[in-house]
Amino acid sequence: MTRWMLSYALALLSLVGVGWPPRARVDAPRTGIPAEPGATPGSVRYRATTSLPWVLPGAFRKAWVEEQGGQVRWASPNRADVEVPAPRTGHGSRFRIVQVADLIIPGREALMEQFLLEMERLRPDAVLVTGDIAYAESRAWYDAMLGYFRRLELQGIPVLAAPGNHERKAWPEYLRAFGPLGDHCADLGPLRVISLDSAHGRDRLTPSQLGWLRDCLERAGDKVTVIQLHHPVFPAGPAQHGEAGGSGGSLQGFQKAFVDLCVQHRVAAVLSGHWHADAVFDAQGRLRDDTADFPGPKFIVTTALGNELRRVTRWPEVHYGYRVLEFEGGRLARYTHGDGPDGKPRPIASTPLGLPPGLKEFPR
Amino acid sequence: MRQTWLILYLGTLVHLLTLYGWNLRQPSAWLVLVPVLGVLVLPRILKGRGVLERPLLLRGAGLAGFACAFFFVRSVHLGAYETGVPASNLLLAGAGLASLLPGLAEASDNGPAAWLWIGFWSCAGSLDPALPLLGAGLGGMLAGSGIWGAELPLTPPLALRRPFLAFLVFGLAYPKAWWDFQLRPEGAWTLGVLALGAAFAAVPWVRQRIGHLPESFLVGAAGALAILYGPAWHLAWGAALGLVLGSLWGRLGRSSWAPAAGAYLLGLCVSFALHANAWVPGLRHLVWLGN
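Protein chains in written order, with the working numbering: chain U, 1 to 364; chain A, 1 to 291.
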C-alpha cells in the first residue's frame with residue numbers, strides 16, 4: 001500500500017513539474033475572433049487551457065477578470081471559461097462575408113495580393129477560409145499565410161479558418177498558426193459561423209463531432225447560421241462533367257445526418273471548397289444551375305482562390321475566385337455573382353478574382 | 001508493468017502520431033520505431049543473458065526512461081508533438097526503450113493495481129494527450145527501482161491460445177475513442193474507464209468467475225465493440241472493452257507477450273487505415289455505427 005501511495009505522490013509531483021511555471025493557451029478558434037458565444041445572451045466566452053489544474057496565470061486573470069469583469073468557470077480541471085459582456089459590434093441588419101478556399105501554391109503570391117486588394121475595396125464584415133490554406137508544409141509558408149490574414153485583420157476584417165485535407169500534412173503547423181481547435185463556433189454580427197474539420201479520415205465527420213454540431217445549432221437562437229467545412233456535402237452525381245479529372249470527392253461519414261441537421265435547424269448556407277470549381281446543391285443533393293433562389297439550405301462549393309482549376313460538374317465556368325454572401329434582415333439575400341438576362345441573380349457563379357499582370361490560370 | 005508500457009507508452013505513441021501526423025520525410029521521425037522494434041525483438045535477444053537481472057542497469061534504465069518522458073511531455077505540453085523536431089523524437093524513443101527494460105525484467109504482473117495506474121494516467125490524458133507517456137516513464141522508473149516489486153504470481157485458469165488474434169482485434173477496437181473525439185479531451189475518460197474495467201476483471205474473485213468464458217467469446221466481444229461504438233455510451237463501451245481486455249490479459253502467458261504487443265500494434269495500424277479512409281469498400285460502413 002505504501003509503495004502505491006508513494007507512486008501516486010510521485011505522479012502528482014511529476015504532473016506539477018510538467019506544468020510549472022503556470023502558463024496557459026488561449027483556445028481561440030482563429031486569430032481574429034478570440035471568443036466563442038457565451039452561455040448567456042450578450043456575452044462572449046474566452047477559453048484557456050492551463051498547464052496546471054485550477055490555476056489561471058496572472059496575465060490572463062488581469063486581462064479577462066480584472067479589466068473586463070469576466071467570471072471564471074472551470075469547465076474541467078485545466079480548462080477555464082471566462083464569460084464577459086460582448087463588445088458592441090455596430091453591425092446593422094446588412095452583413096457581408098467572403099468565403100475562399102484552396103489558396104495558392106508557392107510562386108503565385110500575386111494572387112493573394114490581388115485578393116487582399118479586392119477585399120480592401122469590398123470591405124466584407126468577415127472572411128471565411130474553408131480549408132486547403134497551405135499547399136506547402138513548412139512553418140515559413142504557414143507564417144506567410146498567417147501574415148496575409150493578419151493584414152485583413154488590421155483592416156478590421158476578422159478571419160475564421162477551417163482545415164482542409166492539405167492541412168493534415170502539417171497538422172501541428174495548422175494548430176499552431178490557426179488555433180488549437182479543429183471545430184469551432186463564433187458569433188459574427190447577426191451570424192453564427194460554425195467551422196468543421198471534415199478532413200479527419202480525409203472526408204469524414206465523426207459521431208461526437210456531429211453531437212457537438214447539434215449542440216451549436218440548438219444554441220444558435222435567432223442567429224442566422226452558416227457552416228463551413230472543406231469537403232462538399234454532396235457528390236456531383238448525375239451533374240458530373242466527364243470523369244471530372246479524378247476530383248469530385250464529397251463528405252462520406254454521417255453525410256445524411258449532417259444534411260438532416262442543416263434542414264432541421266434552418267442553416268442558411270453550408271460553404272465548402274475542395275473541388276476547385278463552383279457548384280450549388282439543394283438539400284436533396286441536386287445541382288441548382290437553374291436558379292439561385294430556392295428554399296432550404298444552400299450547399300455551396302466555391303472555386304479555388306489560386307490553385308489549379310477543375311471542371312467537376314456541368315457548370316461551365318472555370319475561374320479563380322471567392323464567394324460573396326450578403327445577409328439582410330436575418331436571411332441570406334445573395335450568394336452568387338452577377339445578374340442573368342432576366343435581372344435575377346445568376347445561379348452558382350462565384351466572384352472571379354482579377355488576374356494580376358503576367359499570371360495565367362492553370363486549369364487541369 | 002508490461003501492460004503499463006503497452007497501453008500508456010505504445011498506445012499514446014500511436015495516439016500522438018494519429019493526432020499530429022508523422023512526417024516520414026524527416027529522418028529522425030523514424031526513431032519512434034526503435035521502441036516498437038525493441039518490444040518485438042528484445043525479449044528474444046535478452047533471453048537467458050542475465051542482462052535483466054542487474055538491478056543497477058534496470059534502475060538506470062527506469063530513471064532514464066522517466067527523464068526522457070518528463071522532458072518530452074514538458075516540451076509538447078499545451079502545444080503539439082511535431083515529428084519534424086529531432087529532439088522530441090529522440091526523447092520519445094528514449095522514453096520508450098528505457099522504460100521497456102524494467103517491464104521485460106518483471107517476473108509477474110501487478111494485477112488490478114497496474115490497471116488502476118493505467119486508469120489514472122489515461123484520465124490525465126484529458127489534460128493533455130501526451131501525459132499518459134509520463135505514466136509509462138514513471139512506471140518504468142518505479143518498477144526498475146524495485147518500488148513496485150513483484151506482485152502475486154498469476155495463475156490463469158485458461159491460457160490464451162491465440163494471443164495474436166485476440167490482441168489484433170483488441171487493437172482494432174481500442175482506438176475508437178481517439179478517432180471519435182480527436183482533439184477533444186473526453187476520449188481520455190473513455191480510456192480511463194476502460195482501464196478500470198480491466199482492473200475489475202483482474203480482481204481475483206472476478207477473474208475466477210470470468211476465467212472460464214471461452215476465448216472466442218472474448219475475441220467476438222472485442223470485435224463487436226469495435227463496431228458498436230457510440231459517443232452517447234462511450235463510458236459503458238470503455239468499461240465493457242476493459243472487462244474483455246482484463247480477461248484476455250489474465251490469460252496471457254509471459255512468452256506470448258511480444259506477439260500480443262505486435263498484434264495490438266497491428267490492430268492499431270489497421271484501425272488507423274480504416275478511419276483514415278483507406279477506401280476499403282464495404283468495411284468503411286462498419287467504421288462508425290449509423291454512418
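Worth double-checking, as some hints may not be accurate.
[Claimed, not checked] To be clear about the criterion: a stretch of chain U counts as covered by chain A if any three or more of its residues have a C-beta under 8 angstroms from a C-beta of chain A, and this derived list gives those stretches: (1) 46 to 60; (2) 205 to 216; (3) 226 to 236; (4) 262 to 268; (5) 302 to 308.
These are calculated hints, taken from the structure and not from any lab test.
Where a beta carbon is used, it is the ideal one built from N, C-alpha and C, also for glycine.
Each hint, compared with the structure:
no.: 1; hint: 46 to 60; in the structure: holds (count 3)
no.: 2; hint: 205 to 216; in the structure: holds (count 6)
no.: 3; hint: 226 to 236; in the structure: violated (count 0)
no.: 4; hint: 262 to 268; in the structure: violated (count 0)
no.: 5; hint: 302 to 308; in the structure: violated (count 0)
This entry does not satisfy hints 3, 4 and 5, going by the numbered hints stated previously.
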